[in-house]
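Assemble chain D onto chain C, guided by the hints.
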Amino acid sequence: MTVRAGMRLLLLVLLLAGIARAQMWRVDTGTSVTLAAGALLLCGLFAGKVAIGLGLPRLTGYLLVGVAVGPYALGFIPGAGVKGLELVKGLALSLIALVAGTELHLGLLRRVGTKVAVLCAVVCGVTFVVSVGAMFALKGWLPFLATMTVPQALAVSALVASVVVSFSPTVTIAVVQETHARGTFTEFLMALVIIGDLFVMVAFALAVGVARASFGGGLDLAGLVGGVGWELFGSVLVGALLAVGMLVYMRQVQKELPLFLVAISFASAEAGTRLHLSPLLMMLAAGALIANLDEREGARIHHAIQRAGLPVFALFFAAAGAGLKLDALVTVGPIALLMVALRTVAVWFACRRFAPPGDERLSRYLWMGLISQAGVSFGLAALISRTFPDFGPQVEVLIVAMITLNQLVGPILTRRALERSGEIRSDEAPGPA
Amino acid sequence: MQALLVFLAIAALSLLASSRTVLDPGRFPAVAHLAASGLLFLACGTVMGPGSLGVLSWGDLTALRPVLALGLGVAGVIIGLNLEPRLLRLLPREVYAAALAHAGTAFLWVALPLAGPLLFTMGLPPGAALGAAVLLGAAASLSSGHFAVLGYRSGRMERRSGLSVALLTMLDDLVGLGVLVLALSFGAAGHPLEGLGLVALALLLGMACGGLLAFLMHGLKDQGELMAVLLGGVALVSGAAAYLRVSALLAGVACGATLVLVGGRAVEQAARGLGRFERPAYLLLIFLVGAHVQARDLMAWVLLPGYLGLRFVGKVLGGALAQRIAGGTLALPPRLGYALIAQGGLALCLVVEYLVLVPGPLSQRVFDVVVAGALINELLGSRAFRYVLAPAPEAPVKGSPT
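Chains as they are written, first to last, in UniProt numbering: chain C, 1 to 433; chain D, 1 to 402.
Excised from the complex, chain C in its bound form (with noise of 0.2 angstroms):
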């Protein structure tokens, strides 16, 4: 089954290379969005089965997929094509948290919040300390660091670090519902990948602010706080208003489900970032809150994104694997391969060390599912770069790099987590290709 997907998927590449080799002969070349679209879709999808043949997850597959067809490896996407495909990430991203939503209980909350906030905490301190430190440590080998004064190498590296410390929402759950994955550790670390990105928001808002200032800027301490407020309550207040709209039409229309939920995460995605919110928040509000007021909604919610999550999915990963810039892996990569070791190791002794009593598969195996990073650390490396011209376009390329290398690895020890944890219903043996 392995062979005829990957007979299919050396096709469909050789079709890729086929069109890139015609487009060599025109003088003018069109719009590349919808070709990459298309082609993302196919690879990632037969790409998906050939993981799973390998015992890999599928993510694993529409990451590698995208990465060899993308403009970094074999060339045959244009870049132009990849980069206009972010409204297709921000649907996914929408339709991913809203699903998550729809897993956030209240009773669950009660019984593993405080648990789960305290663990983050504690992870997300321990691996900023760490990367903080091995940051100025390094500060004589990364040339943006060499020249600037103390507090200003430590106001950076706290940046750095600020987003070294995020997990993967979306690889995590995306893992979850592939290997339809249900239990308490499952829901343990969905829950702290979940919050993780909470704490991330708020420390990033913290560490822009400390760095502008150290540089000159001043601290304006009113904007901070009202910038990282709306973002976080503004989110969630626009998440429960769209819960209300989505059940109205539930129950009021009752049709076409996953063509509507498709729209409004389309939409939500799209405003949010118009609105500086978080599209993440927001429909994870919306999913929790439609959940927990209507529970057999809910369920629809989560049977109609499953039907639609296949190709989302697919197009999602093989899009952000395409996006995986190789180059910067080339640059600098030693010292983010060295950091990422340390992330590693900082992640595995919190989770080792300070892990709840009482279940000790969550000491054991949780820090495999906190090393994959994606999208947010993406849009925070992005927006570093641009909020500090000088040295931030050299910072994104390290946090690039790292990203690059837990991408790769993370989906891998995600689905180990919750293979070892026993969790996973049915194993996905390697369906017909």
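Read the hints as simulated data drawn from the structure, not as lab findings. Predicted, not measured: the structure shown is a model, and the values here were computed from it. Take the hints with a grain of salt, since some may be wrong.
[Claimed, not checked] Selected chain C positions facing chain D (in silico; Cβ < 10 angstroms):
{"#": "1", "residue": "L12"}
{"#": "2", "residue": "L15"}
{"#": "3", "residue": "L16"}
{"#": "4", "residue": "L310"}
{"#": "5", "residue": "P311"}
Each residue gets a CB set at the ideal place from its N, CA and C atoms; glycine is no exception.
Frame of chain C, contents of chain D only:
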């Protein structure tokens, strides 16, 4: 942002177009007809586009080109999937001759007289003016059979007659596509041979994608997976055509036809699933088509009455000719030409494809005329169809009092 704007506009229009008040022909007959046929979206696109109110800018439309390409690709693949070679082979020659007669008459009736005004008013080379006239003729030759289908479904028309009209209108699509091939060959590149090469590239691309898709879908059991592969394939063929700047419509048709020819049961299943996306994709496409209209082009407004009048006469005469040719084989109604006045989306697809691939004032003018013509023909078509349903006046019997 522009994508969000279009999405919101489409969503609002979808709600409006499904409102019972709007769809009630007793209240606003013209709006009800436009809403039912989807051309309301075309009109709204025109109003919102940069050529009218300017809610959408030209930059927005350029950014939305991928969606336009996808819409054309979907339309092409659906046309291709409906081309069933086995059924087409079974049709008698008279049917083809009748389709060619009604489409050809309208084509010649429009293209020849309008070539002159286009040649003398635009100051362009004769070849280019002739190409534009040919495209106007091609758009004029196309008809939609939806009134006939609605007529027999509602029992106002005999089923056999309705299906016969629908069959003729389906076959004229081939004429329209054939003329698009010609127009692109002459207009899409500096030399006709190069243009022909680009058309061949589009068809080859479509066939390659169709063949590969059939292979990819072979053996897939899961319906969701089948649909995902088909949708990915449609995006791939449309996107590759748009990237290489060849016709997404023709590539889509070639892809769909190849799929039907070599695909198995899996393709049939997925094609049925694709039908769910046909209407939304069509509405989105014609909204974007409408947004490309330059409503302030006076020359287009001057050409429009000529185009409409000539097409009307051409269709009436062509219908009479078609009936003479295939009247014994098909159950064609009397006054067939009046059933062929309404125009479907393919005419719009043809001209927007031409506008994208051969941009310029000439293609823009042709586009404006055809889009405005499609709207008016839709309104005229419903009135004209009543003549088809009305009993034909009996021939006076010799010796009877007059």
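* Holds or violated: is the Cβ of L16/C closer than 10 angstroms to a Cβ in chain D? -> holds (9 angstroms)
* Hey, does the L15/C contact hint survive, CB to chain D under 10 angstroms? -> holds (6 angstroms)
* May I ask you to test the interface hint for P311/C with respect to chain D, counting a Cβ-Cβ separation under 10 angstroms as satisfied? => With a minimum Cβ separation of about 4 angstroms from chain D (threshold 10 angstroms), the hint on P311/C holds.
* Should the interface hint for L310/C be scored as holding, given a Cβ-Cβ cut-off of 10 angstroms against chain D? -> holds (6 angstroms)
* To do: Would you settle whether the hint for L12/C is holds or violated, based on the nearest Cβ-Cβ distance to chain D being less than 10 angstroms?
  => Hint holds; L12/C Cβ to chain D Cβ min 7 angstroms, cut 10 angstroms.
Of the numbered hints listed earlier, not one is contradicted by the structure.
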